[in-house]
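Based on the provided sequences and hints, a complete structural model is requested.
Heads up: the protein sequence lines correspond to chains Z and B, in order.
Going left to right, the first sequence walks through residues 1 to 540 as my numbering numbers them.
Going left to right, the second sequence walks through residues 1 to 376 as my numbering numbers them.
Take the hints with a grain of salt, since some may be wrong.
[Unchecked claim] With the Cβ distance kept under 10 Å, some of the chain B side facing chain Z (calculated, not the full set):
1. Ser252
2. Leu285
3. Phe291
4. Thr303
5. Val364
6. Thr367
[Said to hold, decoys possible] Derived DEER-like restraints, expressed as beta-carbon distance ranges:
7. Z:Asp122 x B:Asn5: 55 to 65 Å
8. Z:Gln401 x B:Lys299: 48 to 58 Å
9. B:Glu276 x Z:Glu103: 51 to 61 Å
10. B:Val8 x Z:Gln401: 44 to 54 Å
11. Z:Phe50 x B:Gly57: 31 to 41 Å
12. B:Glu32 x Z:Glu509: 48 to 58 Å
13. Z:Ala217 x B:Ser330: 23 to 33 Å
14. Z:Ala218 x B:Glu320: 39 to 49 Å
15. Z:Ala218 x B:Ser330: 22 to 32 Å
16. B:Glu320 x Z:Gly470: 49 to 59 Å
17. Z:Gln401 x B:Gln68: 54 to 64 Å
18. B:Lys299 x Z:Ala411: 48 to 58 Å
Read the hints as simulated data drawn from the structure, not as lab findings.
Please read these numbers as outputs of a predicted model, since none were measured by experiment.
Every residue gets a Cβ at the ideal spot worked out from N, C-alpha and C, and that includes glycine.
What follows is each chain in one-letter form.
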Amino acid sequence: MAGLAAAFGSGAMTNTIGDVEDAEVILLTGSNTTENHPVLSSFVKRAVKFKNARLIVVDPRRIKLTEFAHLWLRPNLGTDVAWINGLMHVIIAENLQDKVFVENRTTDFEKLKSMLEKYTPDYVEQITGVPAARIIEAARLYAGARAGAILYCMGITQHTTGTDNVKSLANLAMLCGNLGIAGGGVNPLRGQNNVQGACDMGGLPNVYTGYRPVTDAAVRKEMEEAWGVTGLPEKPGLTVTKMVPMAHTGEIKALYIIGENPLVSDPDLNHAEKSFSHLDFLVVQDIFMTETGRLADVVLPAACFAEKDGTFSNTERRVQRVRKAVDAPKDAWDDWRITCEIAKRMGYPMDYGSSKEIFEEIARLTPSYAGITYERIEREGIHWPCPTQDHPGTPILHTQQFTRGKGMFHAIDYIPPAERTDDEYPLYLTTGRVLYHYHTGTMTRRTDGLNERAPESFVEISAEDAKKFGVEDESMVTVTSRRGEINVRAKVSGMVDAGTVFIPFHYAEAAANKLTNAALDPVSNIPEYKVCAIKLSLAA
Amino acid sequence: MEKENTIVINGNRFNFVQGETILDVAQKNNIEIPTLCHLKGTTPTGRCEVCVVQISGKNDLVPACSTQAEAGMTILTESSSVVASRKQTIQKMLSMGNHNCAVRASLKESWTKYQLKVHQEDNSPELCPAWGDCRLQDLAYRYQVTGGGYSNVKALYPMEMANPFIIRDFPRCILCGRCVKACNEVQVNNAIEFGYDGEKQKIIARDDKLLKDSDCVFCGECVQACPVGALVPKDSRFERPWKTQKVRSTCSYCGVGCQIDFHVKDNRVVKITGAEDTPPNYGRLCVKGRFGFNFIHSKDRLTTPLIKESGKFREASWDEALDLTARRLSEIKKQNGADSIGVFTSARVTNEDNYAAMKFTRAVLKTNNIDHCARL
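If you want it as structure tokens, here you go:
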């Protein structure tokens with residue numbers, strides 16, 4: 001999100017899900033949409049099949065949507081900045097950019113332009129492996145659209161250069177004037193159900209609700225008055241990916257973890273597990289006993305989504321109601337109620353009679369949510385920003401101007417991934433998800449039917465590499481990185497190209513994240529899940 | 001009114017826009033023409049012939065869903081020939097399969113024998129799974145059709161149960177094609193189609209494979225579109241709608257935020273369906289959203305606070321667990337400073353839960369060390 005915030009002033013999907021069907025060209029990259037956002041993928045497929053949209057897929061894996069694509073670019077892992085720069089080089093060389101938009105709505109175009117000079121299609125082909133002619137074709141297709149939508153997901157962000165990748169996509173969209181219009185936009189697809197909401201609510205180290213910085217004295221003062229406290233901290237806090245290593249060094253002594261299972265989802269798990277064992281005190285609040293919960297000193301039982309009232313904010317910034325359908329089992333409580341009880345016992349009363357009361361406080365303290373009430377979203381959710389109760393909400397962002405005023409181009413140079421293959425670790429590993437499971441599998445792996453469809457982990461490997469490493473389809477193989485090893489079943493498949501393998505990360509018993517690299521993007525602190533070096537051999 | 005852009009339905013004149021079907025014009029003006037195979041948002045086929053209407057000056061009745069309105073048309077939607085045709089259509093569909101509901105109870109002759117045959121094929125003594133929630137049954141009541149003799153022939157294609165989610169109850173299929181539309185035009189999964197010809201016609205996955213071995217991704221759009229009991233969720237095959245309560249909510253499986261209806265019975269979620277006519281999903285769901293809810297009532301749920309003592313968990317009261325947590329956090333804050341504590345809030349819990357965690361971290365712990373798994 002940091003990338004979009006830098007370019008536009010607001011880090012969220014600029015357009016709506018339904019809007020995808022209005023696009024003339026869809027550029028989809030780093031998103032295996034049919035598996036991770038299946039319903040959203042139906043909008044992409046319908047646009048292509050029934051509305052004559054042209055689809056460009058850029059992905060190292062032969063994902064399902066390549067079957068719907070008019071153009072599929074298959075870059076080497078971790079070379080996104082290069083192909084995006086290549087597209088922009090061609091667009092400027094052929095004079096296809098939206099000059100009026102660039103002139104009126106953006107700054108720093110000249111800086112971008114001089115950076116792009118060296119990114120000729122031939123140079124880009126050397127880095128990415130994508131034929132120069134394909135780069136040119138994609139550039140013309142995207143730039144030629146009346147409205148072109150960019151959709152992306154973790155395949156773009158989970159790199160040491162994730163922020164650079166996102167800024168580059170923002171550059172491309174601004175260059176072609178594809179912002180603030182129906183069927184256009186730069187659209188990050190949020191992975192988990194309420195990632196958008198958790199960010200909006202200030203579940204981040206540097207901001208309060210509505211992305212208001214903790215470093216801003218006026219904002220802190222406002223919050224202090226609203227909450228009746230003094231001395232709110234002014235220094236931005238630590239990200240998850242920093243807190244875990246600092247537990248190892250003893251700088252973090254206690255963690256309170258709500259509904260998360262970092263011991264399957266974190267990178268370099270062997271190290272993460274050691275870090276957790278160094279804590280003086282660990283509280284885990286969840287609906288199931290998890291790998292992380294087992295290390296806790298106190299485990300607190302929470303209600304699940306079917307048992308509580310509240311709201312989620314979806315990937316298109318739409319605030320929607322969650323309603324209680326059944327009672328929570330025995331002594332499980334709403335998460336907010338547990339947190340409030342701890343607060344009270346630490347001397348600060350947080351007394352709310354219902355989730356609705358909390359939402360009213362959120363609306364009072366958050367300009368972008370100020371006009372939203374439970375009554376207004378009774379039947380249909382509203383897109384923030386929604387500043388007043390008579391405001392209809394904002395389906396498309398940046399129609400008149402960007403949140404930050406003018407859109408900012410960033411001149412970005414290509415940097416290779418943090419870990420490269422070598423003689424000892426000759427293959428690249430990339431990780432992701434499968435349709436039938438969700439994140440660390442806490443919920444889906446307890447649903448028999450889903451397990452029947454996707455019972456165990458696997459490593460996708462090309463026929464060429466299978467032959468090279470003496471692996472057959474269905475055989476068990478040991479996959480080893482510099483950080484750990486796991487045993488998984490081989491799936492010889494055309495999904496991956498020679499030189500790259502893929503493993504889903506849902507399965508704790510063969511956790512792909514024992515292998516992954518904890519190297520972080522310097523701005524967003526997102527780990528490089530999508531690229532690390534491994535070797536593999538038949539399991540002993 | 002200009003004659004060029006109008007048609008007359010049941011004696012009243014209505015405007016239309018070029019390209020609109022007779023059904024579109026009727027629906028826009030609140031004139032009900034019954035439909036069966038027509039699926040909103042997909043191209044009409046005119047296949048089931050339930051929506052036939054009479055146009056003055058034409059001998060044959062035409063399907064309203066697939067006939068475009070033309071200037072000067074004079075249409076009757078419930079004339080005697082229309083009603084007679086609909087009755088015949090409905091009767092034919094009722095007689096072609098295991099439609100063992102009350103509609104057909106009025107025919108006493110060989111009723112018992114018929115029921116026994118169906119029960120055997122169903123492997124269950126229940127009436128049809130769609131009983132009470134069936135478009136065909138509704139139409140039969142409306143047009144007073146009581147069935148057309150009993151089919152005591154063994155069904156051509158037996159029921160397919162060989163996957164965890166969807167029962168394909170071929171003996172109840174009326175070949176209306178709504179499932180094919182749902183699969184190919186709504187979700188665009190292109191997994192099922194019409195196969196074989198004539199009497200042998202069947203909805204098939206490619207090469208007539210079992211669903212589990214086909215391109216099917218079990219989104220269940222076909223189940224939601226099926227107007228009869230031919231496609232039913234395996235886990236809730238005989239859940240009757242009058243025994244469950246619907247609660248609208250938001251799916252928790254990804255950032256799309258599909259609107260869902262929980263179907264609740266005896267304090268348990270027994271089924272989930274997509275909420276139609278509302279964004280963002282307009283009724284669509286995926287396999288996790290529609291079928292992945294068993295975890296809610298899993299026996300593994302945490303139901304009581306736990307405290308670890310000498311390496312082992314023991315059950316504790318809320319007071320005990322909360323007091324201990326508050327005391328330890330206060331001690332660590334005092335000894336090592338607020339920034340030695342961190343909070344992981346969650347991208348899976350509600351905004352209200354997140355806000356409470358955020359406020360607690362900043363106002364009570366007095367640190368900004370709060371984050372969640374957006375990056376992971």
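Hints, one by one, checked against the model:
1. Below 10 Å, beta-carbon pairs count as interface contacts, and Ser252 (chain B) has one with chain Z at about 4 Å; its hint therefore holds.
2. About 7 Å separates the beta-carbon of Leu285 (chain B) from the nearest beta-carbon of chain Z, less than 10 Å, and the hint is met.
3. The criterion of a C-beta within 10 Å of any C-beta in chain Z is met by Phe291 (chain B), whose closest approach is roughly 6 Å, and the hint holds.
4. Given the 10 Å rule on beta carbons, the hint for Thr303 (chain B) holds: about 4 Å separates it from the nearest Cβ of chain Z.
5. With its C-beta approaching chain Z no nearer than about 5 Å, Val364 (chain B) sits inside the 10 Å limit, and its interface hint holds.
6. Hint on Thr367 (chain B) holds. Least Cβ distance to chain Z is approximately 6 Å, under the 10 Å limit.
7. Between Asp122 (chain Z) and Asn5 (chain B) the beta carbons are some 59 Å apart, a value that agrees with the proposed interval 55 to 65 Å.
8. Judged by the Cβ atoms, the range 48 to 58 Å given for Gln401 (chain Z) and Lys299 (chain B) holds: they are separated by roughly 55 Å.
9. In this structure the supplied range 51 to 61 Å is violated for Glu276 (chain B) paired with Glu103 (chain Z), their Cβ-Cβ distance being about 45 Å.
10. About 52 Å separates the C-beta atoms of Val8 (chain B) and Gln401 (chain Z), a value consistent with the hinted range of 44 to 54 Å.
11. Checked against the hint of 31 to 41 Å, the pair Phe50 (chain Z) and Gly57 (chain B) passes, with Cβ atoms roughly 34 Å apart.
12. Checked against the hint of 48 to 58 Å, the pair Glu32 (chain B) and Glu509 (chain Z) passes, with Cβ atoms roughly 56 Å apart.
13. For Ala217 (chain Z) paired with Ser330 (chain B), a C-beta distance near 27 Å keeps the hint of 23 to 33 Å intact.
14. For the hinted restraint 39 to 49 Å between Ala218 (chain Z) and Glu320 (chain B), the CB-CB distance of approximately 42 Å keeps it satisfied.
15. Against the hinted window of 22 to 32 Å, the Cβ-Cβ separation of Ala218 (chain Z) and Ser330 (chain B) comes to about 30 Å, which satisfies the hint.
16. Remark: the range hint 49 to 59 Å for Glu320 (chain B) to Gly470 (chain Z) is upheld by a beta-carbon distance near 57 Å.
17. A hinted range of 54 to 64 Å is violated for the C-beta pair Gln401 (chain Z) and Gln68 (chain B), which are about 45 Å apart.
18. Evaluation of the 48 to 58 Å hint for Lys299 (chain B) and Ala411 (chain Z) yields a pass: the beta carbon distance comes to about 57 Å.
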